[in-house]
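Colleague: Here are the chains, one letter per residue:
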Amino acid sequence: MSLWVDKHRPRDLMKLDFHKDQAIRLKNLVQQSDFPHLLVYGPSGAGKKTRIMCLLRELYGSGVERLRQETMNFTTPSNKKIEIMTVSSNYHIEVNPTDVGIHDRVVIMDLVKNIAQTHQIDSSGQREFKVVILNEVDDLTKDAQHALRRTMEKYVATCRLILIANSISRVIPAIKSRCLTIRVPAPTESEIASVLHIVCKKEGLSLPSDLAIRIAKCADRNLRRALLMCEACKVQQYPFTADQKVSEPDWQLFIRDTASMILSEQSPKKLGDVRQKLYELIIHGVPPDMIFAGLLKELVLNCDMSMKSKIASYAAKYEHRMRLGNKPIFHLEAFVAKFMAIYKKSLEECIGDMF
Amino acid sequence: MSDFPDPDEEYELMYADELELLREAEHSDTAIGLPRRPAQAKRSLDFTSPEPKSSVESSTQQTNIPCSQNSLSTIPEVNKNVPNQETNDVVFTSNVPFTTNECYEVTSIQTNKRTADDLFGDINDIDFNEIELPSKKQKTEEEEDLDLINRIIEGRKLRQLLAEPTNRLQSEIKTSYDFKENVSLNIPRWAFVPLTNSDGERIYIRLESEDTWEKALEATSEQSSLHSNYIGTWEEARKILETKQQELIQEVESQDVQIVDTNNNDTALWVDKYRPQSYLDLLSEEPVNRALLHWLHLWDKIVFKKEVKVKEPQQKTQFSKRAGQFQLTNKWRGKKEVEPEVDEDGRPHHKVALLCGPPGVGKTTLAHLLARLAGYRPVELNASDERSTEAFRNALQCATLMRSVLDAEKRPNCLILDEIDGAPLPTVELLVKWCTATVETGKKKAKSQPLKRPVIAICNDLYATSLRPLRPVSLIVQVGGVSLPRLASRLSIVSQCEGLCLPPHVASALAARAHGDVRAAIQVLSFIKARARAQLNMEDVENVAIGTKDCNKTLMQALQSIFTINDKDPEYAMKTVQAAGEYDRLADGIFENYLTARVDARLLIACETMSWLRLYDMINSWTLKNQNYSLYGALPLCITRCHRVLSSRTPQRIKFPSQAMEMYRKKLELESIVVSVWRGSAPSVALSRNALQLDLLPLIPYLLSPSLRSANVQLCSENERKSVRTCAGAMCDYGLQYIQQRTPEGLYAFVLEPDVYKIAFYGTEERVRPPPAVRQAIAREQQLEVIRRNEEMAMKSSGQTASKVAKAIDLKSAKKSEVKETHIPNHLQRLKPKEIEKKVPQVHKDFFGRVVPIQQVKKSDAVADVISSSNVFYQYREGFNNAVRRNVRTRDLL
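Read top to bottom, the protein sequences are chains B and E.
Counted from 1, the first sequence has number 227 at position 227 by our numbering; the numbering is strictly sequential.
Counted from 1, the second sequence has number 787 at position 787 by our numbering; the numbering is strictly sequential.
Don't take each hint at face value.
Calculated cross-link-like contacts (lysine-lysine; reagent style DSSO-like; alpha-carbon spacing at most 27 Å) [stated by the list, open to error]:
| no. | chain 1 | residue 1 | chain 2 | residue 2 |
| --- | --- | --- | --- | --- |
| 1 | B | Lys217 | B | Lys7 |
| 2 | B | Lys201 | E | Lys722 |
| 3 | B | Lys80 | E | Lys667 |
| 4 | B | Lys297 | E | Lys667 |
| 5 | E | Lys758 | B | Lys245 |
| 6 | B | Lys277 | E | Lys666 |
| 7 | E | Lys666 | B | Lys245 |
| 8 | E | Lys452 | B | Lys202 |
| 9 | E | Lys410 | B | Lys269 |
| 10 | B | Lys27 | B | Lys7 |
| 11 | E | Lys452 | E | Lys306 |
| 12 | B | Lys154 | B | Lys113 |
| 13 | E | Lys667 | B | Lys7 |
| 14 | B | Lys277 | E | Lys758 |
| 15 | B | Lys80 | E | Lys666 |
| 16 | B | Lys113 | E | Lys625 |
| 17 | B | Lys80 | E | Lys796 |
| 18 | B | Lys317 | B | Lys269 |
| 19 | B | Lys7 | E | Lys796 |
| 20 | B | Lys142 | E | Lys625 |
| 21 | E | Lys655 | B | Lys269 |
Only part of the chain E face toward chain B is listed, based on derived beta-carbon distances under 7 Å [as the list claims (entries may be wrong)]:
| no. | residue |
| --- | --- |
| 22 | Asp617 |
| 23 | Asp695 |
| 24 | Leu703 |
| 25 | Gly729 |
Estimated spans, in silico, between C-beta atoms of each pair [claimed, not checked]:
| no. | chain 1 | residue 1 | chain 2 | residue 2 | range |
| --- | --- | --- | --- | --- | --- |
| 26 | B | Arg11 | E | Met795 | 15 to 25 Å |
| 27 | B | Ala312 | E | Gly422 | 27 to 37 Å |
| 28 | E | Asn712 | B | Ser169 | 48 to 58 Å |
If you are wondering where the hints come from, they were derived from the structure by calculation, not from laboratory data.
Backbone N, C-alpha and C fix where the C-beta goes; we use that ideal spot for every residue, glycine too.
Given only the sequences and the hints, what does the whole structure look like? Please build it.
Modeller: If you want it as structure tokens, here you go:
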């Protein structure tokens, strides 16, 4: 654990850097020695996982930090073999069921039941229950979410679930009502800057506050990204200067580039070029909804108010459709084409008004 | 006969067997065939062919043939040269409608009730002098071939003509000639029919061969773009035709009542009933028939011990020099040129003939008929028989090595393997092995004898995987769909025989509907007949729900139809899309091609198209997700809506949709990199895949490129060394590694594995790659780091075991000293300082248990310890020197 992100990750609930009142509440919750199922949600890089690990440490002691990686095998009803990677300790197991795509229901059913049905051998030493952490619950299929419902109630004596999601809008209400939902908001820019200062102090470096704020701004309120960027800055140039170049993830630059390309010219030919860029983004694994968001953010900068709302509503509509379909490139290109059409029309009207 | 046969005889020598076969076929049907020459009759006595008496019969028959037929048989000779002359006559002019109409009147009225004899009675009047007979010396090989083919075609047509004179009449009405060219008041120099018109004048109307009117028909059908202009005229013509037809029906009905009655009792399927009985009946293309027949004849040497004429190489070169038109007319011979036709055993080069083509075009019929024609007894093995290797071997042995005892004619077998594309692969392999066995191996082992009988395999799909071994060793004969006019004429023949009145346009509509499938066409005809009506109308055909051939369209055809406007049939795009299927690929195809389809400055077309494609995507994924196909029918609609938006008249080049697939492949490649990092990373730093992909991997290349002043780590400052260590640590955490790889230049380079640069950057990855020296330094440091970590692990585990032992001891002691304290759960246990026990001085006791005072003990000890109390002390330890011994651990060296 040599990267700053990993090295300086807080291990104790009391040592968390932000949302401290929430941390205290969590501590109180655990000290009652029992707690309900949890649904922790918040944007990426807000510290959901860190909090959960702190919580588990509070529950079980330092034993939870002895992690091991295992792959588990399942067989679907259609006799397809699937394998999934789990990270587990003696007290908990962490799974990302969406790794197996549409077969996540099998994972939920088999794995959770397996764990829930086995009691701790020596219950005197520990709590009576184990903890199952499920990642990316919002991407679970509806089937899998329904499979979860009954399991949660049935095995409540032996097993607690901690569900992690980015947003609970796609979690079915039945599950929401069975869990204690904990929202972990993204840290503000000033909070990120203060964390950066703390980390640099631990490393024995001096960080100019201007640079800290710049990094925080670039990081999009994502602490993990901010720390990585800060360390990248350190590797590239130390001692720090306030106007140092902050290297961002290349895909962000690429999206910006694509947006400026869209704004530069509106023609079918350009649309073809944009398509290649969109394909590039998709094959690099940038989720299409993030492409949508990134493009929208850049594109509306050049629009007046009425167009802004129009384009935003189109983006929302197309993004929703995209989630219903399975060819994101169609929807992305449709959005770009629509934007181009609207933008061109408004440009032409502007020129018409001038004369 | 002189020593040198004249060209004519030479020709006969070459094709004697084929000619004879044709003759044979004619006998069986008592049909009118080709002219025969006495010279051949002599020759045929030498033959050991199944019907040695045929020539004699033919000569006797010849005398019986009526005069008119005899004269008819000369027509092919005439027609050979006619086409050149007549093409001029068939000029299609725009004022045709009027002339044709008149023509209809004249010809139809006056030729209405003619029988064949009437029609051709005057044919002797044809002035042969004008027509230049081909000088025999000019006859080259290809001309001879052409002759033969022409003669066969002509013979076939004449047979039809004779059988159905009325049919010919109806068809002839359709043709349109220039009025002045074809009608004359004087006795013309061309073939004619004398008529008397209403004024009492004698006029002469040109007599045309079928060949030309067929061409004319084709010419009219080809000019489809002009078609719309003449619709009105066509309609008019059709009406006239139909009224004529009505009259005709009444006539026919009164005549043919008896025939219809007798036919009603017949239960045989029409397909079987009208199966071709002779070579001339075959509907498949002439080159195809000939290719197969030729191949069958190549077996003659080994089967019938008869010499086979093989073309000499000299002739081949001549032929190749004069390629041109001839090659087009029969390709099979052009193909043959490359390899010898017969191998050293006298067997054909290809041991198996593989007939392939769509269903219903008559492959099986062709194989059976030709096998019988060539003197074999066809033995069929099809999908309904068992085709395991064992059963197949049996069948092969039976068919190729044995001969039927019961068969009176004692014909050799010819194995026909029908539907071989459904046979399992081992079976096909066995067949191939069987076929390729040569004589040499046959002598050694009695088991594997060389194949001595022809084997014909029939398949629909030439490229079926199971046929892969068979393809290289076999003669592949493609049987295409039957051409429309021929199918139409065959249909009208059938209907004629059944006493059904089938107007020619209806026949051609039926034929068009069948798409070259003879079987389907005849089935539909019999189905329509079952409605018990003597006459068929256009509506009957159009309204029939069944019988539309399930036609496959390729993806590209469908795409083409989407991007072009079709005036004739607005529904064409829809139909093709539905026929093509593969909607997903089609949607991709539209997506890849729509930007160039039309001028679209405001991108409105693009928006519209994309909206349909989006809808398509949604419906499609909904269908797949819910496995509910109720909306599946809407998918082609979405695609054809795009046709409405995108179609244009300008031809355009359409790309095959490959981008989506390529992107998918690239995505998988990059995903595999992410997955390998994800799997390789240590559990303590495990991230979700998304976070890894979006946050960590894009930034990690920056972290892995520390700037060092010098490549030698020993010379670096403390800070630099630290940064290299951090790098190494990070690489260990995330399972990255520098691997030495040999570059094409022969140098060794350190390459990061897995290559996260590909994920992180969009074509600019070289920017932050550290220089080779730094890479080397990091690689070395990483190896050290790995060792360090292993050490740590070992330490931990050993520490763990030590603590476990201690715990165990603790437990024991706890048991001894009674379990007082209740068990504290692990998580509440806190570390406590170890209790220090006071040492109680040891008490010495003597043998009887009495306590010995300490002084005494010390004293007694002192006595023993003489040496240690002395000033000089030597101690020898042999074997090793303790002086420099020191524990050194690996971590101290790192």
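Colleague: All hints are to be evaluated individually against the structure, with a verdict given for each.
Modeller: Checked hints:
1. B/Lys217 to B/Lys7: holds (23 Å)
2. B/Lys201 to E/Lys722: Given that 27 Å is the threshold and the Cα spacing comes to 16 Å, the pair holds.
3. B/Lys80 to E/Lys667: Within the cut-off at roughly 23 Å; holds.
4. B/Lys297 to E/Lys667: holds (25 Å)
5. E/Lys758 to B/Lys245: Holds, at roughly 22 Å.
6. B/Lys277 to E/Lys666: holds (14 Å)
7. E/Lys666 to B/Lys245: Roughly 31 Å between the alpha carbons, so the hint for E/Lys666 and B/Lys245 is violated.
8. E/Lys452 to B/Lys202: violated (92 Å)
9. E/Lys410 to B/Lys269: This hinted pair is violated, its Cα atoms lying about 75 Å apart.
10. B/Lys27 to B/Lys7: holds (23 Å)
11. E/Lys452 to E/Lys306: holds (14 Å)
12. B/Lys154 to B/Lys113: At roughly 10 Å apart (the allowed maximum being 27 Å), B/Lys113 and B/Lys154 satisfy the hint.
13. E/Lys667 to B/Lys7: violated (32 Å)
14. B/Lys277 to E/Lys758: holds (15 Å)
15. B/Lys80 to E/Lys666: holds (25 Å)
16. B/Lys113 to E/Lys625: holds (26 Å)
17. B/Lys80 to E/Lys796: violated (40 Å)
18. B/Lys317 to B/Lys269: Holds. B/Lys317 to B/Lys269 sits at ~25 Å (cutoff 27 Å).
19. B/Lys7 to E/Lys796: OK: B/Lys7 and E/Lys796 at ~19 Å, within 27 Å.
20. B/Lys142 to E/Lys625: It holds: about 11 Å lies between the C-alpha atoms, which stays within 27 Å.
21. E/Lys655 to B/Lys269: Holds, at about 16 Å.
22. Asp617: holds (4 Å)
23. Asp695: holds (5 Å)
24. Leu703: holds (6 Å)
25. Gly729: Hint on E/Gly729: holds, closest Cβ of chain B at ~3 Å, below 7 Å.
26. B/Arg11 to E/Met795: 15 to 25 Å: Given range 15 to 25 Å: holds, Cβ gap about 21 Å.
27. B/Ala312 to E/Gly422: 27 to 37 Å: 59 Å Cβ-Cβ, so the 27 to 37 Å window is violated.
28. E/Asn712 to B/Ser169: 48 to 58 Å: holds (56 Å)
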